[in-house]
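The listed protein sequences derive, respectively, from chains F and D. Counted the way numbering that gives the first Met the number 0 counts, the first sequence spans residues 0 to 214. Counted the way numbering that gives the first Met the number 0 counts, the second sequence spans residues 0 to 214.
Any given hint could be a false lead.
Where chains are identical, the list cannot tell them apart; a pair therefore holds if satisfied intra-copy or between any two copies.
Listed next, the in silico DMTMM-like pairs over lysine to aspartate or glutamate satisfying Cα-Cα at most 20 Å (straight line) [claimed, not checked]:
1) K148 <-> D171
2) K110 <-> D42
3) K148 <-> D172
4) K148 <-> E210
5) K110 <-> E174
6) K148 <-> E118
7) K22 <-> D158
8) K22 <-> D57
9) K148 <-> E119
The hints are simulated quantities; they were obtained by calculation from the structure and are not laboratory data. In this text the structure is predicted, and so the values were computed from the model without any measurement.
There are 2 protein chains.
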Amino acid sequence: MDSFTPTGRTQVRRYPNRGVYDKAQVYGILDEGFLCHVGFAVDGQPFVIPTGYARSGDQLYIHGSAASRMLRTLHQGVDVCVTVTLVDAFVLARSGFHHSMNYRSVVVLGKARQVTDREEKLNALRSFTNHIVPGRWDEVRPPTDQELKATTVLALPLDEVSAKMRSGGPIDDDEDYALPIWAGIVPVRTQMGEPLADGRVPDGIPAPDRERFRR
Amino acid sequence: MDSFTPTGRTQVRRYPNRGVYDKAQVYGILDEGFLCHVGFAVDGQPFVIPTGYARSGDQLYIHGSAASRMLRTLHQGVDVCVTVTLVDAFVLARSGFHHSMNYRSVVVLGKARQVTDREEKLNALRSFTNHIVPGRWDEVRPPTDQELKATTVLALPLDEVSAKMRSGGPIDDDEDYALPIWAGIVPVRTQMGEPLADGRVPDGIPAPDRERFRR
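Only chain F is shown next, with the shape it has when bound in the complex (with noise of 0.2 Å):
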């Protein structure tokens, strides 16, 4: 896999040596990931609506309401930044100044455009499905016209794109080294609990199994 060139817009220019433009960390923040930030303007006003996503090779897949907002004001492309941010930990330094977290992001920039074909569509609907548990989409009931023509989805190419990342322990002033102050990291994580059923699953059917969650 290559890399993505970095353009004025995503050149990482505050800590460049924490950009990341090869394509394979990239593509693994976003699929770690599950929720996004979509910005998009209005009359000059920026709006940042969270939703769910998917990649699918090197489109990036949004649905529901993030969708309906935009596309509620604008009706052609759409110029849009959506981010995937994972906190990995805390940071805790000796000094305020330099506490700080460990995190990979990833910011895509873009036009969004309008999934009209079926295929193209199903196959998004199934992208999502499957991104939160992995097959998942073989096993639910199979969507009908209706409910396709009632969900918008929207794909932006994975085109101008850019990574930046933080990780390992504190960096404090040489002279605070001394200090009886403890510094380290605190590591943050995002995990699935005990599947709970709605009350209503009949006898015999388990549970997805917590193996398939990847978290």
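Let chain F serve as the given structure and place chain D on it in line with the hints.
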């Protein structure tokens, strides 16, 4: 405590029953989260940047690279949207169409103002640090004048604000409940791991107690 007044821009239109304007609930979400996504537009192109934040009274404070990027291009009041999202569960329905997430999110609109007053800036920095580990500010080396100067802090009044939330199990179509498909929720939790010292902490200095992380 009272409520926020919805404006044309913060009124929740899709699933209006999910809209929350109660200040206590909104502040509860802001105080539970630790990562926000800041949206701003440059020449019509939106950018969404993840960063830490803290609330102090009716002000939301952000700092670091998001502030820098904004300030690099815009030196006056900046139209921003700051969004904080907590994911509580995956909602697995009997159809792909009714899959969802349980979440609580807050959207803040307004103009960010650069904090120049020394006392307000110190208070904001204290809030950032104590937001991650309550009481931490009093344990670390205080900021120098140089560090204060090097830190950009932006304040956003908590004025035009709304929250949105979903809770509960899947809501399936009546005829789907008979299907032999597991459905329910899978809780999603953000949890802190064991603190890991950076190897240069003097003997006898304990790590912050796990209780202090509130997660």
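Here is how each hint holds up against the structure:
In this assembly of identical chains, the alpha carbons of K148 and D171 lie at most 20 Å apart only when taken from different copies (18 Å versus 56 Å within one copy). In this assembly of identical chains, K110 and D42 lie within 20 Å of each other by CA distance both inside one copy and across copies; the values are 17 Å within and 15 Å between. Taking the shortest alpha-carbon separations for K148 and D172, only the inter-copy value of 17 Å comes in at or below 20 Å, while the best intra-copy value is 59 Å. Proximity of K148 and E210 under a CA criterion of 20 Å is satisfied in neither setting, with 33 Å inside one chain copy and 49 Å between copies.
When the C-alpha separation of K110 and E174 is checked against a cutoff of 20 Å, the pair qualifies neither within a copy, at 49 Å, nor between copies, at 39 Å. Taking the shortest Cα distances, K148 and E118 sit within 20 Å of each other inside one copy (13 Å), while across copies they are farther apart (55 Å). Taking the shortest Cα distances, K22 and D158 sit within 20 Å of each other inside one copy (10 Å), while across copies they are farther apart (40 Å). In this homomeric assembly, K22 and D57 come within 20 Å of each other (Cα to Cα) only inside a single copy, at 10 Å, whereas the closest approach across copies is 41 Å.
With identical chains, the CA atoms of K148 and E119 are at most 20 Å apart within one copy only, with a shortest distance of 13 Å there and 52 Å across copies.
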